[in-house]
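Peer 1: Sequence:
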Amino acid sequence: MSATGVAARALAALAALVASLAIAQAPGAEQLPPADWLAIRSVVEDQRAALVTGDARRAFAYASPALRQRFGNAPTFLAMVRRSYSPLVEARDAHLLEGAVVDGRVIQPMQLVMPDDTVVVALYTMERQRGGAWRVAACMIAPSTLRATWGGVMCPPKLDERASPGGRRPGTA
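Residue numbering for the sequence shown follows my numbering, beginning at 4 and increasing consecutively.
Hints are computed from structural coordinates only; laboratory data are not their basis. Model, not experiment: these values are computed from the prediction. Don't take each hint at face value.
[Unchecked claim] Computed beta-carbon distance windows for the label pairs:
1. G75 to T148: 35 to 41 Å
2. G107 to T79: 25 to 31 Å
3. D58 to L149: 24 to 30 Å
Where is the CB? At the ideal position from N, CA and C, for every residue including glycine.
Take the sequences, apply the hints, and build the full model.
Peer 2: Below is the structure:
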C-alpha cells in the first residue's frame, strides 16, 4: 500500500474515532468520575515523561499487565516505543485532550507537537486494574490536520487568550 493510502486510512480511522468521541460525550453516555479522569491523565503524563527521559522501568510500570507480559521487560518496552511510537518521545510539546468512554473503552487522547510543528494525536486505551489503578493497555498514533502556529501552542487559543505581550488582541488598536 502506498504512503498516501496508509495516510488516508489513518485519517479515516481518526475521523471515525473523533465521531465516536463526540457521540460518547453526548448526554447519557457512559462517564467516569472526575477522580478517575485525573488518575488517567496522571498515568499518561507520567508515562510520557518517563519515556522522554529514557526511564524504561518507570514507563514500563504504567503498562497494563498484558503489555508487560507481551514485551517482557522495561528495556524491550522502551526500545519498542522508540521504534514504533517515536512521536511520544520526539514531540516538543504535549497536551491532553478531553477523554471519553467509547463502546466501553476508556480513551485518553494527547496532542503531540513535533519539532517541525506538525501535530499528531496519541490515543491511549486505558484499563482499570483490580486495585483501582489505571494502566495503559494500548496506544495508537494518528495524524492530525492541525499545525502549531500560536507561538508553539498546538491549537489557537480562545479569542480572549490571544492578547499580545502589550495586552492587546490581534486586530485591535
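Peer 1: Now tell me if each hint is right for this structure.
Peer 2: Verification of the hints:
For the pair G75 and T148, the supplied restraint of 35 to 41 Å holds, since their beta-carbon distance comes to about 37 Å. A C-beta distance of roughly 30 Å is found between G107 and T79, which places it inside the suggested range of 25 to 31 Å. In this structure the hint that D58 and L149 lie 24 to 30 Å apart at CB holds, the actual value being about 29 Å.
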